[in-house]
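Asker: With the hints as your guide, set chain Z onto chain P.
Number of protein chains: 2
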Amino acid sequence: MTEHSLWRFARALHRAINERQPEDLEALIDDDVDWAIYGPIDMFPFFGARRGKAAVMEVCRQIADHIRVHRFDRESVMLGVDSAASMMRYSLTALNSNKPISLRLAHFAQFRAGRLLSLRVVIDTFDLVEQALGRSIHLPQIA
Amino acid sequence: MTEHSLWRFARALHRAINERQPEDLEALIDDDVDWAIYGPIDMFPFFGARRGKAAVMEVCRQIADHIRVHRFDRESVMLGVDSAASMMRYSLTALNSNKPISLRLAHFAQFRAGRLLSLRVVIDTFDLVEQALGRSIHLPQIA
Chain P
1 MTEHSLWRFA RALHRAINER QPEDLEALID DDVDWAIYGP IDMFPFFGAR
51 RGKAAVMEVC RQIADHIRVH RFDRESVMLG VDSAASMMRY SLTALNSNKP
101 ISLRLAHFAQ FRAGRLLSLR VVIDTFDLVE QALGRSIHLP QIA
Chain Z
1 MTEHSLWRFA RALHRAINER QPEDLEALID DDVDWAIYGP IDMFPFFGAR
51 RGKAAVMEVC RQIADHIRVH RFDRESVMLG VDSAASMMRY SLTALNSNKP
101 ISLRLAHFAQ FRAGRLLSLR VVIDTFDLVE QALGRSIHLP QIA
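Protein chains in written order, with the numbering used here: chain P, 1 to 143; chain Z, 1 to 143.
Pulled out of the complex, with its shape left as it was, chain P reads as follows (with noise of 0.2 Å):
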């Protein structure tokens, strides 16, 4: 039984990112790959869309360049042949500010032959944009 695509490629995101050794995450991502972590990209430009192996690699270089993982809990994990689905709890350091981030959000990866090709990312942007912000953004109750 061979190991899952989603466990080579969250190894491979996490060492592009925290040791900013990218090789193994580059030969983990289709050509073709489709990428969209949904979120304010005026605030984080490191979100939105990206199309192709050279534009994803960008991406990650861009997000090594604003976070550290601490650590990352899988509260939900669902698997499929070529498929994989999460919820996920991180602790990030944001380099710029050296503020603590805990980060909730969920993934749904598609591979292809082993490699990444397709990625949607949905995060709890409201809660995400506090911290970055180090305030609270007051709310009217919509009741």
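Just so you know, these hints were derived from the structure itself, not from any lab.
Since the list gives no way to pick one copy over another, a pair counts as held whenever it fits inside one copy or between any two copies.
Taking lysine to any residue pairs in the SDA-like style, the calculated list, with each CA pair at most 25 Å apart, reads:
1) Lys99 <-> Gln141
2) Lys99 <-> Ile137
3) Lys99 <-> Arg20
4) Lys53 <-> Pro22
5) Lys53 <-> Glu75
Answerer: Frame of chain P; chain Z shown alone:
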């Protein structure tokens, strides 16, 4: 081949919200259900954690008081024997303001004997807050 619990649950949930007919939904919720929609509860009091069938039915009533679902697209879905995860896009109306809201979310669900045992929902909450406010929130670029 029986229908997956997710489809029956999704129909009942949408019926409870849009038609205020909670009977089907009530039959599909485990007594010990564990429920969480992550997001700013100051603005959306029906977000947050709930435990047990009565609390979940009450929060579904609150959701029905505040939104109507016009359309949803399931962009990704993964099904296990007693579990499911989807990435979805919803078109809603906020009933208090009559504003259209477009929402992206990911959910992870677990079922027991066909009833919902656990639900976790991650939403692109910053985008949601801006739409509910009807204006954009100025953000500095962190780069």
